[in-house]
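Asker: Each chain is listed here by its residues.
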Amino acid sequence: MDYFFLALAVGLVVLSALVFFGRVVPGPTVFDRLTGIGVIGTNAILFILLLGVLDGRLDMYVDMAIAYAAIGFVTLLILGKYFERKGDMDR
Amino acid sequence: MATKTTANPFRNRSRAEIVHFVFLTLALFVFWVVLSGKMQVRYLIIGFVTALAITVATRPLLILPPERTGSSWLSLWDLPWFRIFLYVPWLLWQIIVANVQVAMLILHPKLPIDPKVVKFKKYIPHPVGRFALANSITLTPGTITVDLEADEYTVHCVQGGFVGGVAPAEGEGTLPARVGAVFGAGPAPADRQTSDKGL
Amino acid sequence: MNFLAVLFLLAGFFFILVGTVGVLRMPDFFTRMHAVGKCDTLGILLCLVGLMIYEGASLTSLKLLYIWVFLLMASPTATHVFCRAAVRSGLKPWTRTEGQG
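Chains as they are written, first to last, in the numbering used here: chain C, 1 to 91; chain A, 1001 to 1199; chain R, 2001 to 2101.
Some hints here could point you the wrong way.
With the Cβ distance kept under 8 Å, some of the chain R side facing chain A (calculated, not the full set) [unchecked claim]:
| no. | residue |
| --- | --- |
| 1 | Arg2025 |
| 2 | His2080 |
| 3 | Pro2093 |
Some chain A residues flagged as far from chain R (calculated, every beta-carbon gap over 12 Å) [claimed, not checked]:
| no. | residue |
| --- | --- |
| 4 | Arg1013 |
| 5 | Gly1037 |
| 6 | Val1056 |
| 7 | Leu1062 |
| 8 | Ile1063 |
| 9 | Leu1064 |
| 10 | Leu1091 |
| 11 | Ala1098 |
| 12 | Leu1139 |
| 13 | Ala1150 |
| 14 | His1156 |
Source of the hints: derived by calculation from the structure; they are not laboratory data.
Bear in mind the structure is a predicted one, so any value in this text is a computation, not a measurement.
Every residue gets a Cβ at the ideal spot worked out from N, C-alpha and C, and that includes glycine.
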C-alpha cells in the first residue's frame, strides 16, 4: 500500500514538472503561466496529503493542506485581478 | 429572499441580521471545533468568542442594503438550503458526465474542438444564485463562464454541440432553468444595470 | 475498503493526468481552461474521496471534507477570474480556421 501512495506522489511531481516546463516556462501569455501555476498548486495539495499518508501523520499534514489551499486560492485571485488591470498580453 | 417586499423595511433588516449572526457564528464555530479537535471548555469558549468577533467584523460585507438588492435587506446566508441540497447531487452527476466528455475530447488523436462564444441573459436576484450559476456552467459539459455582468453571462463553448444545455437557439437551457428554480428567478429591473459591476 | 480507496485515487489521478495533457495540448488559453477547470477539479475531488475512505470516519476525514467543499467552490471561481481577466485584457478566443473563421 505504501508503494502505491509513493508511486502516486512521484507521478504528481512528474506531472507538475511537465506542466512547469511545458506551459509555465514557454506560455505565450501571462494567463497561461498563471493557469499552469494553479494546476501545480492543486497538485501540491494532493502531494502534501500523500506525504502525510506515507509519513503516517495525516492528521498533521491535512492542516498544512488546508492552509495551502486557502493561501493558494487567495494568491491566484489577487494575481488575476492584478493582471486584469494591467492588460498587456506580450509577456 | 430578495423577492419578498414588505411595507416595513426594518423587519426585513432584523431578519437579515439574525440570519447572518446565527448562521455565520455557528458555521465558524463548527469550523473551529473541526480544526482544533480539542473538546475542553476553555478552547470552546475561545473559539466561540473568535467566531462572534469575525461575525461582527464581516457584518457590513455580508448584509446587503436595499440599494444593492433592489427590494429589501438581504443576508447572504439567507439561502434556500433544502433546495440546494437537492441540487448538489444532480450537479455532481453533471460534473462526472462533463469530465468524461472533455477527457474524450482531449485524448482524441485529432483534437476535434470547435470553440465559440455565446451570450445569454438570466436574472437571478440573489448574488449567491449568480455565483452558483456561473460555477455550475464552468463545471458542466463543455462550457466555461468567461464574463458576468448584472444579468448577462458570456460562455465559452469548446464544441458547438455543448451549447444546447446552457443557451440553445430558442427557449432556455436546462441549467439556467434549474438554478433559477432553486434560487428564484425574475425579470431584470431596468434601472440597476450598472450597480453590480463589482460582484 | 482499501480497494475502493485505491479505485477512487486511481480515477482521480487519471483525471489529473488528462488535465495535464489538455493543458499541454490545447491550442489556446480558453480551451486550456476547459481542461483545468473541469478535469483537474474532478481529479483532486476524487482523490480526496479516496483518501477519506482510506482514513475512515475520523476528525481527519472531516478536515478532508472541508478541503473538498472548499475546492468545489474555489476551483471554478479561480477559472472564472482568469477567463474574465483574459477577456478584459483583450485576448481573443481561438477558432477553427476551416470553418467560417
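Asker: Work down the list of hints and note, for each, if the structure agrees.
Answerer: Results of checking the hints against the structure:
1. Arg2025: holds (7 Å)
2. His2080: holds (5 Å)
3. Pro2093: At 6 Å from the nearest chain A Cβ, Pro2093(R) passes the 8 Å test, so the hint holds.
4. Arg1013: Answer for Arg1013(A): holds, closest chain R Cβ roughly 28 Å.
5. Gly1037: violated (5 Å)
6. Val1056: holds (23 Å)
7. Leu1062: Since the minimum Cβ distance to chain R is about 15 Å, Leu1062(A) lies beyond 12 Å and the statement holds.
8. Ile1063: holds (20 Å)
9. Leu1064: holds (19 Å)
10. Leu1091: Given a closest Cβ separation of 9 Å, the condition is violated.
11. Ala1098: Violated: least Cβ distance 6 Å, not greater than 12 Å.
12. Leu1139: Contrary to the label, Leu1139(A) does not stay out of reach of chain R, its closest Cβ about 6 Å off (not over 12 Å).
13. Ala1150: holds (14 Å)
14. His1156: With a cut-off of 12 Å, His1156(A) comes too close to chain R, as the shortest Cβ separation is near 5 Å.
Violated hints, listed in ascending order, are 5, 10, 11, 12, 14; each of the other numbered hints is respected by the structure.
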